[in-house]
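K.L.:
Take a look at the letters that make up each chain.
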Amino acid sequence: MSQSTQLTDTGQLKHFLSIDGLSKALLTEILDTAESFIEVGERKIRKVPLLRGKTVVNLFFEASTRTRSTFELAAKRLSADVLNLNISTSATSKGESLSDTLLNLEAMASDMFIVRHSQSGAPHFIAESVTPGVGIINAGDGWHAHPTQAMLDMLTIRQNKGTFDGLRVAIIGDIMHSRVARSQIQALNTLGASEVRIIAPSTLLPPEVESLGVNVYHQLHSGLNDIDVVIMLRLQRERMQGALLPSEQEYFQQYGLTQEALANAKPDAIVMHPGPINRGVEIESAVADGTQSVILDQVTNGIAVRMAVMSMAMSGQTQERNALTQGA
Amino acid sequence: MFDQQATQDLLDELAKSLDQWLTKKSLAGFEIIGIRSGGVWVAQALMERLNINQALGELDISFYRDDFNRKGLNDSISPTSLPFNTESKHLILVDDVLMSGRSVRAAMNELFDFGRPASITLVTLIDLGRRELPIAPQITGAMVTLADNERVKLIGPDNLEVSLYS
Amino acid sequence: MSIEILNGHFLNESGAWKAFKRIEIHNDLIAHIDPSSAKTCQHSIDATGLYLSPSLTDLNVALCEPGYAAKGSIYTETHAAAAAGVTTVCCTPETDPVNDSEAVCSFIERAIQQAGTIEVLPLGALTQGLEGERLAEYAELKKAGCVALSSGMTPFKNLSTAKRCFDYAKTFDMSVFIHPMEPSLYEGSAHSGRISTKTGLKGISHLAESIATAQLIMLARESGVHLHLAQLSCKESVALVKRAKDEGANITADVAVANLLYTHEKIVSYNSLYHCLPPLRSETDRLALIEGLRNGVIDAITSAHRPHEAAAKKAPFAQTAPGMSTIEHLIPAARQLQAQGELALNDFLKAMTQGPAKVLNRKATSIVEGNAANLCLFNPDQTYKVSAHTMLSEGKNSPLLGQEIKGKVVSTIYKGRLVYQTRD
Numbered sequence: 278m279s280q281s282t283q284l285t286d287t288g289q290l291k292h293f294l295s296i297d298g299l300s301k302a303l304l305t306e307i308l309d310t311a312e313s314f315i316e317v318g319e320r321k322i323r324k325v326p327l328l329r330g331k332t333v334v335n336l337f338f339e340a341s342t343r344t345r346s347t348f349e350l351a352a353k354r355l356s357a358d359v360l361n362l363n364i365s366t367s368a369t370s371k372g373e374s375l376s377d378t379l380l381n382l383e384a385m386a387s388d389m390f391i392v393r394h395s396q397s398g399a400p401h402f403i404a405e406s407v408t409p410g411v412g413i414i415n416a417g418d419g420w421h422a423h424p425t426q427a428m429l430d431m432l433t434i435r436q437n438k439g440t441f442d443g444l445r446v447a448i449i450g451d452i453m454h455s456r457v458a459r460s461q462i463q464a465l466n467t468l469g470a471s472e473v474r475i476i477a478p479s480t481l482l483p484p485e486v487e488s489l490g491v492n493v494y495h496q497l498h499s500g501l502n503d504i505d506v507v508i509m510l511r512l513q514r515e516r517m518q519g520a521l522l523p524s525e526q527e528y529f530q531q532y533g534l535t536q537e538a539l540a541n542a543k544p545d546a547i548v549m550h551p552g553p554i555n556r557g558v559e560i561e562s563a564v565a566d567g568t569q570s571v572i573l574d575q576v577t578n579g580i581a582v583r584m585a586v587m588s589m590a591m592s593g594q595t596q597e598r599n600a601l602t603q604g605a
Numbered sequence: 006m007f008d009q010q011a012t013q014d015l016l017d018e019l020a021k022s023l024d025q026w027l028t029k030k031s032l033a034g035f036e037i038i039g040i041r042s043g044g045v046w047v048a049q050a051l052m053e054r055l056n057i058n059q060a061l062g063e064l065d066i067s068f069y070r071d072d073f074n075r076k077g078l079n080d081s082i083s084p085t086s087l088p089f090n091t092e093s094k095h096l097i098l099v100d101d102v103l104m105s106g107r108s109v110r111a112a113m114n115e116l117f118d119f120g121r122p123a124s125i126t127l128v129t130l131i132d133l134g135r136r137e138l139p140i141a142p143q144i145t146g147a148m149v150t151l152a153d154n155e156r157v158k159l160i161g162p163d164n165l166e167v168s169l170y171s
Numbered sequence: 014m015s016i017e018i019l020n021g022h023f024l025n026e027s028g029a030w031k032a033f034k035r036i037e038i039h040n041d042l043i044a045h046i047d048p049s050s051a052k053t054c055q056h057s058i059d060a061t062g063l064y065l066s067p068s069l070t071d072l073n074v075a076l077c078e079p080g081y082a083a084k085g086s087i088y089t090e091t092h093a094a095a096a097a098g099v100t101t102v103c104c105t106p107e108t109d110p111v112n113d114s115e116a117v118c119s120f121i122e123r124a125i126q127q128a129g130t131i132e133v134l135p136l137g138a139l140t141q142g143l144e145g146e147r148l149a150e151y152a153e154l155k156k157a158g159c160v161a162l163s164s165g166m167t168p169f170k171n172l173s174t175a176k177r178c179f180d181y182a183k184t185f186d187m188s189v190f191i192h193p194m195e196p197s198l199y200e201g202s203a204h205s206g207r208i209s210t211k212t213g214l215k216g217i218s219h220l221a222e223s224i225a226t227a228q229l230i231m232l233a234r235e236s237g238v239h240l241h242l243a244q245l246s247c248k249e250s251v252a253l254v255k256r257a258k259d260e261g262a263n264i265t266a267d268v269a270v271a272n273l274l275y276t277h278e279k280i281v282s283y284n285s286l287y288h289c290l291p292p293l294r295s296e297t298d299r300l301a302l303i304e305g306l307r308n309g310v311i312d313a314i315t316s317a318h319r320p321h322e323a324a325a326k327k328a329p330f331a332q333t334a335p336g337m338s339t340i341e342h343l344i345p346a347a348r349q350l351q352a353q354g355e356l357a358l359n360d361f362l363k364a365m366t367q368g369p370a371k372v373l374n375r376k377a378t379s380i381v382e383g384n385a386a387n388l389c390l391f392n393p394d395q396t397y398k399v400s401a402h403t404m405l406s407e408g409k410n411s412p413l414l415g416q417e418i419k420g421k422v423v424s425t426i427y428k429g430r431l432v433y434q435t436r437d
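Residue numbers (this note's numbering), protein chains in the order written: chain V, 278 to 605; chain Y, 6 to 171; chain E, 14 to 437.
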């Protein structure tokens, strides 16, 4: 699936929709390219001319300030022109179909859409509907995937741990509704992590979750034994419909990352969180601000990873266009 | 083209030329920057011969090339590393093979994004002529003429050798 | 009208394919099979290499009229059915307005007359507006032509409503066709399992259907009504039906052809053409459904034909309209299941002739002198490419578009009249 949609005939990225279907080599290439872009943010002039003259459209059907602004910053550091569209407030709420919205946007000659949508599979639908030549980057679709977040998390892990070999990673929280978790699990398994664990109550686990390639734990303390990387997920209150948990207090008691709980993991374990953090619900302030937390690194890496993915996808679109015109 | 011994001899010549230039110009101070990867190896070889013990800058021009719209990104990209301030400095920019001048154009654009240098001196090991842009090196190791389909490449990082391929 | 069919094989009463030289149809009856002397006929069909079967009955088809003109009409969809070898169709009450009154039913009957092809038996709504709350006028619906009552793809608000519907239907001796749905669990667009987890789509657990199956069976047995469970999709439902039948309950069941052919693997790339309700479930479910057909637990196969306009399928998966345009590809489906070694062609045909007849409490048509001439002549080996222009249904929402399939209906005869003849 994702193979033919996301990659050109020569295996280069032309859309970035999900981690699924991408090889270890390609994921590593994204991380390596991102490393180069980190340096750009430290220069006097924090720009490279790669996407100069290109138009990147932030197509956010779900509200988000953080992700949208990192994509905007990433695009601008690549010298692209950026257009921000909050569709939640305009066209589709007036009944215009997604298909029609896309047609109108294409008339504005964009080169790339960054898409966040509440429906799983929306970016795939968009990638298959737009005219060829427009790259689609998934900024999060429903419960399905948030691949750029996963990649910046992988970069953070690589920076702190050096390698994925032998690494034991625990992801804690609302897996059922988490697109971040699904992408992280895929990335960790593809990059060769030794074990991926998820720790959550049954109500927050999707059906047949082991099929994703994880070991399931219901107890936090035993789940954290021997762990090198702890990833906390935000308890997504707005996504919960109906009785999945009795209260935040009980959740914090059982699954909140306190210093006491963290002591079960390896002494040099790092603590990550995709943000925004609910202090006192999934994580204790002392841990979030503590020495083992790398949460702020994740933020810096976010811009670099997005720059990498956008340039690689733009590059892939270019290659494909050239291959077509040459073949013609 | 130039076997290992001949390459070493060429580097000796180049070092001598650079030394003469530096003496003539008597610059108060300068920074040396190599264009990855060949330019870096040449710069290292020059610094060794001239006993220059300062940090070497390594410039990766992948993000400044003018063929992104035709060819996309390079296969191998590594971060540019300039461990010094370039603002108002004299820069010695080193490359291995100069032909169309586009790499040097890209390198200069990138350097200017770090700050405004006082001057840039271009050193190249091999000059193939065939310029497509008005770029001229101040210091050259050897001028070489090739057939249309031939190219040269510096092989390294150890046992440097200028090799010919088509 | 008189038709002669020459040199083919016909399916006889004992279920064997018998070679024939000549079958004569006069007016609306099968007049002669291999008569000693031949009478001249107005129309001649060369059936060399072709198979003649009783025509098919489809228990669950959306004809989209009144109210869904963008998707299709009684005219277009009955013509599509005829092209599939189907001469009797039960149309769902899920029209707009819902077929819950004599007025709507009469409108439908008039449109059926005007279309003038095959037999259409309307299913009346079990509740007003199919809202699952108040009884519809069953007696009036029966008088207006409804052959049974159906809840379509809508649930009962609660079990007491279901019980009252059953009791009332029994009063007028009407069967109830219900796809079992537990409303508090039946939310989502995919089967709840490995694939829904991977794709991040909300999954519908088998429990949403199997729990309702168990409840409806108990209610039906208590009331004595004939319960027909429509479009079963999971192995748990099949097991419940088997047990009930073993205990002598008056229930029947059908399965949609899509659930026999495909599993949830098909939706992994978000192809909305495979978005169906009930959803395509796992391979274990698919095999259990086929097994259910083989051992008679499931009585009938239906196309569950749901035509949609292109825009209805052009959106992110969960926002697309569920349903597939399936009716024109029934014989190819039969051939595929046969080729996979899973279901004999004759069993498929039986599930679309004798099975539906049993569900409707009618006599099954068979190819015997003196019987009504309702026939389907098909070429089991002809391959052809499915394309939007050759499909007769308004709904081109078939995942087979662009594919080569094997098995083609050549002619369809209803009451002795040629209602479909292939052009190639």
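One thing to keep in mind: the hints can contain errors.
With a straight-line cut-off of 25 angstroms between C-alpha atoms, the simulated PhoX-like cross-links for lysine-lysine are [to be verified]:
1. Y:K94 - V:K353
2. E:K255 - E:K409
3. Y:K76 - V:K324
4. Y:K158 - V:K331
5. E:K248 - E:K258
6. Y:K76 - V:K301
In case anyone wonders, no lab produced these hints; they're calculated from the structure.
K.L.:
For every hint, state whether the structure bears it out.
P.N.:
Results for each hint:
no., hint, result
1, Y:K94 - V:K353, "28 angstroms, violated"
2, E:K255 - E:K409, "36 angstroms, violated"
3, Y:K76 - V:K324, "21 angstroms, holds"
4, Y:K158 - V:K331, "33 angstroms, violated"
5, E:K248 - E:K258, "15 angstroms, holds"
6, Y:K76 - V:K301, "23 angstroms, holds"
The structure does not agree with the numbered hints 1, 2 and 4 stated previously, though it agrees with the rest.
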